[in-house]
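Can you make the complete structure from the sequences, with help from the hints?
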Amino acid sequence: MTHVELDLPGRREDNRVVVAMSGGVDSSVVAALLKDAGYDVVGVTLQLYDHGEATHRPGSCCAGQDIHDARRVADALGIPHYVLDYEQRFKAAVIDAFADSYIAGETPVPCVSCNQKIKFHDLLDTARELGAQALATGHYIASRPAGDGSPHRALYRALDPDRDQSYFLFTTTQEQADFLRFPLGEMHKDETREIARRHGLAVAEKSDSQDICFVPTGRYAQVIEKLRPDAAEPGDIVHVDGRVLGRHDGILRYTVGQRRGIGVATGEPLYVVALDADNARVIVGPRAELETASVMLRDVNWIGDGSFDAALDAGMEVAVKVRSTRPPVAARLVR
Numbered sequence: 104m105t106h107v108e109l110d111l112p113g114r115r116e117d118n119r120v121v122v123a124m125s126g127g128v129d130s131s132v133v134a135a136l137l138k139d140a141g142y143d144v145v146g147v148t149l150q151l152y153d154h155g156e157a158t159h160r161p162g163s164c165c166a167g168q169d170i171h172d173a174r175r176v177a178d179a180l181g182i183p184h185y186v187l188d189y190e191q192r193f194k195a196a197v198i199d200a201f202a203d204s205y206i207a208g209e210t211p212v213p214c215v216s217c218n219q220k221i222k223f224h225d226l227l228d229t230a231r232e233l234g235a236q237a238l239a240t241g242h243y244i245a246s247r248p249a250g251d252g253s254p255h256r257a258l259y260r261a262l263d264p265d266r267d268q269s270y271f272l273f274t275t276t277q278e279q280a281d282f283l284r285f286p287l288g289e290m291h292k293d294e295t296r297e298i299a300r301r302h303g304l305a306v307a308e309k310s311d312s313q314d315i316c317f318v319p320t321g322r323y324a325q326v327i328e329k330l331r332p333d334a335a336e337p338g339d340i341v342h343v344d345g346r347v348l349g350r351h352d353g354i355l356r357y358t359v360g361q362r363r364g365i366g367v368a369t370g371e372p373l374y375v376v377a378l379d380a381d382n383a384r385v386i387v388g389p390r391a392e393l394e395t396a397s398v399m400l401r402d403v404n405w406i407g408d409g410s411f412d413a414a415l416d417a418g419m420e421v422a423v424k425v426r427s428t429r430p431p432v433a434a435r436l437v438r
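104 is the number of the first residue of the sequence shown in this note's numbering; add one for each residue after it.
Note that these hints are calculated values from the structure, not bench results.
Using N, Cα and C, we set each Cβ at its ideal position, and we do this for glycine too.
Treat each hint with caution, since some may be false.
BS3-like, lysine-lysine: derived pairs with alpha carbons at most 30 Å apart [claimed, not checked]:
no., residue 1, residue 2
1, K220, K309
2, K424, K309
3, K292, K220
4, K309, K194
5, K292, K424
6, K309, K292
7, K220, K194
8, K138, K220
9, K309, K138
10, K138, K292
11, K424, K220
12, K424, K194
13, K329, K194
14, K329, K220
Restraint-style ranges between C-beta atoms, simulated for each label pair [unchecked claim]:
no., residue 1, residue 2, range
15, D203, F273, 16 to 22 Å
16, R322, L436, 35 to 41 Å
17, E116, V432, 43 to 49 Å
18, R331, G141, 46 to 52 Å
19, P248, E336, 48 to 54 Å
20, S312, D178, 19 to 25 Å
21, E190, A433, 39 to 45 Å
Here's what the structure looks like:
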């Protein structure tokens, strides 16, 4: 049996733990492991979005199926389960911000905003209101006591590098990290599924979600145009050497690094190297133009040792990920 220890004071049965149950195999296994370990487990599922709105198919609601799956697991485990309607809050805090960011020529990661503003903020508050001593999720990220006499917890990349989700949790504050628990951070995905099978959970073979939850078709532009009908402003496709190569129907259809579907044909492979939202221009060029030696940071969330200013002054060496699926690269912090 897999051993789970949440480092909470007192007897396990006296510690209430709220589990964020998405209806998938990961969070379901977390609930099962904590129930087996003797904790007072309560499942909570957030209803965030009706996929029928995105696909124009009334009644098509994958979120509803996920809620049904979460409830089935909770019933099988014999734990209380609550469903909270967060659709309006999710739209305002995540979906609208996603659309505005794309229109500004950026490529946002809405899962980060969801963790920051919904799951690790509103849901964490709900867990406390339910009298919980911790909120557990199915994220693959490791959480351990910081050590050296510190009362805090520290976050680490997951044991399974292919599943590591630390990239999506970079906005986690120290206060949140101290309350959160991630039982899957020291496990591999195949082990998670095997535990689900041993418990006879109905979601044991359920596929992992691949797309952004409110863009089930993967067509971001379609969703953005629905939210912001006047956002698709046409403009020029411009080569880095200044040549105008063609026209586009809106920069929201492009992202830096994109090669396919640019809409112009030349004798060289072209990539989107920049998006000029102010002038509605898509800048393209050869692959070499994508290379960069520096990245400008904003919205920094520093929970490391010492202060961020001290790290900058010292030129701290760090490992940087610019995409969730890319390996970390060595870098140095500078002003």
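Here is what the structure says about each hint:
no., hint, result
1, K220 to K309, "holds, 27 Å"
2, K424 to K309, "holds, 29 Å"
3, K292 to K220, "holds, 27 Å"
4, K309 to K194, "holds, 26 Å"
5, K292 to K424, "holds, 22 Å"
6, K309 to K292, "holds, 13 Å"
7, K220 to K194, "holds, 11 Å"
8, K138 to K220, "holds, 28 Å"
9, K309 to K138, "holds, 21 Å"
10, K138 to K292, "holds, 20 Å"
11, K424 to K220, "holds, 22 Å"
12, K424 to K194, "holds, 28 Å"
13, K329 to K194, "holds, 13 Å"
14, K329 to K220, "holds, 23 Å"
15, D203 to F273: 16 to 22 Å, "holds, 20 Å"
16, R322 to L436: 35 to 41 Å, "holds, 38 Å"
17, E116 to V432: 43 to 49 Å, "holds, 46 Å"
18, R331 to G141: 46 to 52 Å, "holds, 50 Å"
19, P248 to E336: 48 to 54 Å, "holds, 52 Å"
20, S312 to D178: 19 to 25 Å, "holds, 22 Å"
21, E190 to A433: 39 to 45 Å, "holds, 42 Å"
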